[in-house]
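If you read the protein sequences in the order shown, they are chains S and L.
Quick note on numbering: numbering that gives the first Met the number 0 labels position 15 of the first sequence as 14, and the sequence is numbered without any gaps.
Quick note on numbering: numbering that gives the first Met the number 0 labels position 147 of the second sequence as 146, and the sequence is numbered without any gaps.
Incorrect hints may appear among the rest.
In silico DSS-like links for lysine-lysine, alpha-carbon gap of 30 angstroms or less [claimed, not checked]:
#, chain 1, residue 1, chain 2, residue 2
1, L, 694, S, 357
2, L, 239, S, 340
3, L, 530, S, 357
4, L, 694, S, 306
Treat the hints as calculated values from the structure; they're not laboratory data.
What follows is each chain in one-letter form.
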Amino acid sequence: MIDHQPTDEIDRRTAISLLAAVVAGGVILSNSSAQATEPLPENDEILQPGKFPAKPGNYLAGELVTTDAINRRGGLRLDGDFNDDRYDKAQPHDFAMLPYGMIYYHGAPAELRDIPLGTHLHGSFYLPPKGEEATIPPTKGPPQYGSKYNHAILLEDDFSFFQRRGWEWRVVDLDRGDGRLKVAASGKTEGVEFEKEHSFWIDDAKRVWKERELLDWEAIAADQVVQVNLTWSPEWRTRQFRVCDVWIDEVSRKAATERQRRTHVRFQKHRWLAGWVDHVEHLDGSNGIVTITLFGGMDPSLYDEVKQKRADGNAVAVAEPTLRTFWQDHDHQFGLIVELKEGANPALGSSGIQIRWKTDALLDGFRPGRIVRLRCHDWPNIKLPPEERLH
Amino acid sequence: MKSLRIIACLLFVFAAAHLRADESTNFDKVVLPLFGKYCQRCHDAKRQEGEFQLDTLSRDFADMLVAQRWSEVLFRLNSGEMPPKDEPQLSADELERLSEAISQQIDAGRAARMARRDRVTLNRLSRDEYSKTVYDLLGVHFDATMPGALNDDPRWHGFDRIGALLTLSPSHVERYVKAADTVLQQAFPEQQPTSAINRQTAPAPQRWVIYPSLLHGQIQTPTPGLYRIRVQLSGLASFKGRLPRLSLWNSSLKRAEVGQDVLAAEDAPTVIEFESFLPQGSFQLTNEAPGKLDDGPTPSATPKLLTRVKDYRPSPIGYKLFLGDGRPIFPLLLVDWYECEGPLVLEADLKKREGFFPSRLSTRSPPEAQELEQQQRDARECLSRFMARAWRRPPTTAEIDRFVALFDSERQSGENPRSAYLAAMAGVLASRNFYYLVDGSADAQRERINDWELASRLSYFLWSSLPDDELSEHAARGELHQPEVLRQQIQRMLADSKSSRFVEAFPQQWLQLHRVGQFPPDPELYPDYDKWLERSMVLESTQFFSEVFTRNASIREFLTSDWTVLNARLAMHYGMEFPVQAGLRRVPLTERDHRGGLLTQAAVLSLTSDGTRHRPVHRGVWVSEAIFGRTPPPPPPNVEPLEPTPSNKPKATIRDQLQAHATHTICSSCHRKIDPLGFAFENYDAIGRWRTTEKVAGGLGNDPPVFAGGAFPDGRQYDGPESFKKLLAAQLDPFAEAFIEQLATFALRRVMTIDDRKQIHSIAAASKSDDFQLRTMVEQLVLSELFLKR
Numbered sequence: 000m001i002d003h004q005p006t007d008e009i010d011r012r013t014a015i016s017l018l019a020a021v022v023a024g025g026v027i028l029s030n031s032s033a034q035a036t037e038p039l040p041e042n043d044e045i046l047q048p049g050k051f052p053a054k055p056g057n058y059l060a061g062e063l064v065t066t067d068a069i070n071r072r073g074g075l076r077l078d079g080d081f082n083d084d085r086y087d088k089a090q091p092h093d094f095a096m097l098p099y100g101m102i103y104y105h106g107a108p109a110e111l112r113d114i115p116l117g118t119h120l121h122g123s124f125y126l127p128p129k130g131e132e133a134t135i136p137p138t139k140g141p142p143q144y145g146s147k148y149n150h151a152i153l154l155e156d157d158f159s160f161f162q163r164r165g166w167e168w169r170v171v172d173l174d175r176g177d178g179r180l181k182v183a184a185s186g187k188t189e190g191v192e193f194e195k196e197h198s199f200w201i202d203d204a205k206r207v208w209k210e211r212e213l214l215d216w217e218a219i220a221a222d223q224v225v226q227v228n229l230t231w232s233p234e235w236r237t238r239q240f241r242v243c244d245v246w247i248d249e250v251s252r253k254a255a256t257e258r259q260r261r262t263h264v265r266f267q268k269h270r271w272l273a274g275w276v277d278h279v280e281h282l283d284g285s286n287g288i289v290t291i292t293l294f295g296g297m298d299p300s301l302y303d304e305v306k307q308k309r310a311d312g313n314a315v316a317v318a319e320p321t322l323r324t325f326w327q328d329h330d331h332q333f334g335l336i337v338e339l340k341e342g343a344n345p346a347l348g349s350s351g352i353q354i355r356w357k358t359d360a361l362l363d364g365f366r367p368g369r370i371v372r373l374r375c376h377d378w379p380n381i382k383l384p385p386e387e388r389l390h
Numbered sequence: 000m001k002s003l004r005i006i007a008c009l010l011f012v013f014a015a016a017h018l019r020a021d022e023s024t025n026f027d028k029v030v031l032p033l034f035g036k037y038c039q040r041c042h043d044a045k046r047q048e049g050e051f052q053l054d055t056l057s058r059d060f061a062d063m064l065v066a067q068r069w070s071e072v073l074f075r076l077n078s079g080e081m082p083p084k085d086e087p088q089l090s091a092d093e094l095e096r097l098s099e100a101i102s103q104q105i106d107a108g109r110a111a112r113m114a115r116r117d118r119v120t121l122n123r124l125s126r127d128e129y130s131k132t133v134y135d136l137l138g139v140h141f142d143a144t145m146p147g148a149l150n151d152d153p154r155w156h157g158f159d160r161i162g163a164l165l166t167l168s169p170s171h172v173e174r175y176v177k178a179a180d181t182v183l184q185q186a187f188p189e190q191q192p193t194s195a196i197n198r199q200t201a202p203a204p205q206r207w208v209i210y211p212s213l214l215h216g217q218i219q220t221p222t223p224g225l226y227r228i229r230v231q232l233s234g235l236a237s238f239k240g241r242l243p244r245l246s247l248w249n250s251s252l253k254r255a256e257v258g259q260d261v262l263a264a265e266d267a268p269t270v271i272e273f274e275s276f277l278p279q280g281s282f283q284l285t286n287e288a289p290g291k292l293d294d295g296p297t298p299s300a301t302p303k304l305l306t307r308v309k310d311y312r313p314s315p316i317g318y319k320l321f322l323g324d325g326r327p328i329f330p331l332l333l334v335d336w337y338e339c340e341g342p343l344v345l346e347a348d349l350k351k352r353e354g355f356f357p358s359r360l361s362t363r364s365p366p367e368a369q370e371l372e373q374q375q376r377d378a379r380e381c382l383s384r385f386m387a388r389a390w391r392r393p394p395t396t397a398e399i400d401r402f403v404a405l406f407d408s409e410r411q412s413g414e415n416p417r418s419a420y421l422a423a424m425a426g427v428l429a430s431r432n433f434y435y436l437v438d439g440s441a442d443a444q445r446e447r448i449n450d451w452e453l454a455s456r457l458s459y460f461l462w463s464s465l466p467d468d469e470l471s472e473h474a475a476r477g478e479l480h481q482p483e484v485l486r487q488q489i490q491r492m493l494a495d496s497k498s499s500r501f502v503e504a505f506p507q508q509w510l511q512l513h514r515v516g517q518f519p520p521d522p523e524l525y526p527d528y529d530k531w532l533e534r535s536m537v538l539e540s541t542q543f544f545s546e547v548f549t550r551n552a553s554i555r556e557f558l559t560s561d562w563t564v565l566n567a568r569l570a571m572h573y574g575m576e577f578p579v580q581a582g583l584r585r586v587p588l589t590e591r592d593h594r595g596g597l598l599t600q601a602a603v604l605s606l607t608s609d610g611t612r613h614r615p616v617h618r619g620v621w622v623s624e625a626i627f628g629r630t631p632p633p634p635p636p637n638v639e640p641l642e643p644t645p646s647n648k649p650k651a652t653i654r655d656q657l658q659a660h661a662t663h664t665i666c667s668s669c670h671r672k673i674d675p676l677g678f679a680f681e682n683y684d685a686i687g688r689w690r691t692t693e694k695v696a697g698g699l700g701n702d703p704p705v706f707a708g709g710a711f712p713d714g715r716q717y718d719g720p721e722s723f724k725k726l727l728a729a730q731l732d733p734f735a736e737a738f739i740e741q742l743a744t745f746a747l748r749r750v751m752t753i754d755d756r757k758q759i760h761s762i763a764a765a766s767k768s769d770d771f772q773l774r775t776m777v778e779q780l781v782l783s784e785l786f787l788k789r
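Here chain S stands alone, though its shape is the one from the complex (with noise of 0.2 angstroms):
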């Protein structure tokens, strides 16, 4: 199985990243390390087409405030960081995922289109690809308060950020009539152990998930190993959040897990998986062969499906960046994977799937470097709502 989750290169990277921000935050009951608070290099790679990227990405967090999921582009404001004129001026981040961008909700895949708005997401951000320059405008705002990372690798939510590195929350207090949750951090990574307090903002409209349940205030308790989502709170110039949701068993962070899971599956079987063109292979009339790479981030059932049904051959559309196809229920064209190899050690973004795919009519968008999406046989084959299309 290939391990789809980011590198432990960029766990850490983003591991340093955050406990620097949150000691800086000043919102840690004890002491902090000072090793953590050491400047990290930026990276200012500039990604080609067809390459994945060589170094992991710049670390970025902030609540999400605007999507157009379509597009899979969005902004954060950015994480607070004291200063008081950023907070009175800054503009939100905006950003666009690159085509082989990964998003987790709820510890499994998702898309923006499954995260609510106001959600504090984590995400690894690269310089814009070459060619992409003019993607996002720039920032109206102060022009230091925005980041000039805005093509995302990576987004995820607080709960898939901790859980999937092995980092939980233990309940230490909780404190109805200030509106405080009290939890200790803990977790380990390569080079960096913390064993934090830390103090959440809480109140009536957050949920608090137990096995299959919807409870409330009487279901939290001391001790309790939970994992948490977070959204805006009035205090955020000093980085503080508000607890939106509590899952505080394995039952109930397994469902909602799932619940996302299903969710991604179904969106990717209606949308195909998505990845780029290595090299086209041109054979005498209109037969040709497509060596393709699959991005990364999917569920692997979708994989394994893949791998499983290639025998009955594959459609394949072609796409744009931001994944969006045309008629894809027409316009894609048929063939038969003719080869499938499968990395150890695949790049950032990619699945390491790589296949040969064979047709016998090949369209224009068929290009290194360019965008596809592959169906499996019997995947619906559907006509997607206008506002997706591409025409």
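Based on these hints, arrange chain L on the given structure of chain S.
Chain L only, in chain S's frame:
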């Protein structure tokens, strides 16, 4: 047909008796002893097992009922039913000799029946001959293959002009009447259609892009007739060297009417011109080059206009037409304009009709008496001329009277003179004297054809049509049968452009090229196969024949040659170097090309395949028939087909499987003679491509290597197609005789019999001193007694 034939029993009895006498020796030597050894004990007068007695079974194989009984005997032997399992069994060798001896007798009997000559012999024109006759008679193009035109003709070993098979049914008569009407309406229209030129031009500076299978534009033909289509365009070869092919697509019949490869640079367009007879209807331009570009709505997303290739801005979901460097992926046509002119009426065609239609037919009704008399005289004169030309002989007065009476009767019943006259003409064309070639006399038994009959026989042999004026004049003077006149006429006729009809029709029928594409190759197995390749295959064989004919080369070239005739498409199929250029050309061959002669041409190699795999046995049968003039016995019924290689067994070639199959006594008796003639071509797959291994679906291991070695039935060994062909060419006499037999079958419209063997041998012998040059053989045949006899 039976009703149209006059039975001449005496001749039949003579032929049958002759047949018995000639073949009886072999029958006595082979069949009777084996019957005595294995069969007689149960099927004698005493026991008559199954109520069947062999010793009294007639040997008059020319009798259909007798032949059927012998076929039953052959069937029981070949199927292993006889002798019964608990009786002594025939060895493979004995069974082979017995089957062959009986088969020979059955075949000879069938040939005698098919060649039976009564006092009057009626040989119906094939539909191809009908069309050509109508054209030469009236200058009207009549496409007899159009749906609803004339019925398809049955074939005998590829020949579609065998009189015994071309029977006549009410459906034929109905279609002849309809065809006559259609032809005459075109020849003598009430109003001569006006010719017009319609041109469509692309919105400059843009040009129309026509990629493979795209249909472009609209060309309307208001009436059937001759049209001239002109197109200014560039033709860009694909990056693989394939040429685009401009064709005119008949939207109604879903077929390409005319076409031509085009090669012209983007900045140096050329003008292509077709002149073709077209039926009334709607036509479009298309690019017939291969490429499956008709998939769903994708073509609608592919731009149909471009200004310059380098500026081409495609849609991502349109077909990919160009590589990144601008070279076309497909052969492309870039069209500036096209125009259609017609219908054209050529002076030469009008001249053909001269004198057939009275110039003074009045439409006044009723005409004055003097006018009426004049019309009758004119009608009689014109009808006489028309009948003489159409019937290829002078009509009798009684015959003329009959059609003049028809004209009168039509007119009296109220038809206008033009319609009445056309009705009489239609009667002439619907008469059996038109669509039958008649020889013999009802009142006497003739052994030789007369000069009129000779003129027709010669003309239909070399021109597939009626005699011209000069030939008719010689016939009228009664001098055509004179050798010096006949020789001079042969040379004149062979020099005439109409001899191209012989050059095309004869090889088509001799080599059975109508079978090419009869079982279209499976596109999954042979994705490279396309219609243009299929036509190119046939063109290679017919043009090869034409080249031998034009140069009057030896028929040895048919067996082995160091040249062939190719176009770019076929060269690509053969994997040979060929300049990217349009059209066919003669090319030299080397040994590594693995071609030369007819036997290793793609047409011949593919016509014996079944669409999924090559068939060595079919190839062997084809070689036996076309090269040796022998038809092997038919296979017994219920032969188990070859099974696909099981997945748990090593891959095996078709040859390996056949050899396992032929180990059975019953199978081996025939297969050991047929198969070696097909095994020599194991290096060629089902569509005639060279190979060294055979692609086998299923089974274990790699595809097995092919083995194309073997031995002729007489023991001569060969180790591949080249040595096989050389061995054939080393003994040319048998092939020459077989070839003469094929020529004579084509010319005389009947199956050759043992009666003809001596004369065939003489013709071959007379041609030998010229090393069997093709034209010489044709000439020797025409000058022979065989050609002149009925």
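Now the hints, each set against the structure:
At most 30 angstroms may separate the alpha-carbon atoms for a hinted pair to count; residue 694 (chain L) and residue 357 (chain S) meet this at roughly 20 angstroms. With a C-alpha separation of about 29 angstroms, the suggested pairing of residue 239 (chain L) with residue 340 (chain S) holds against the 30 angstroms cut-off. At most 30 angstroms may separate the alpha-carbon atoms for a hinted pair to count; residue 530 (chain L) and residue 357 (chain S) meet this at roughly 23 angstroms. Among the hinted pairs, residue 694 (chain L) with residue 306 (chain S) is consistent with the structure: their alpha-carbon atoms are about 26 angstroms apart, no more than 30 angstroms.
This entry satisfies every hint, going by the numbered hints stated previously.
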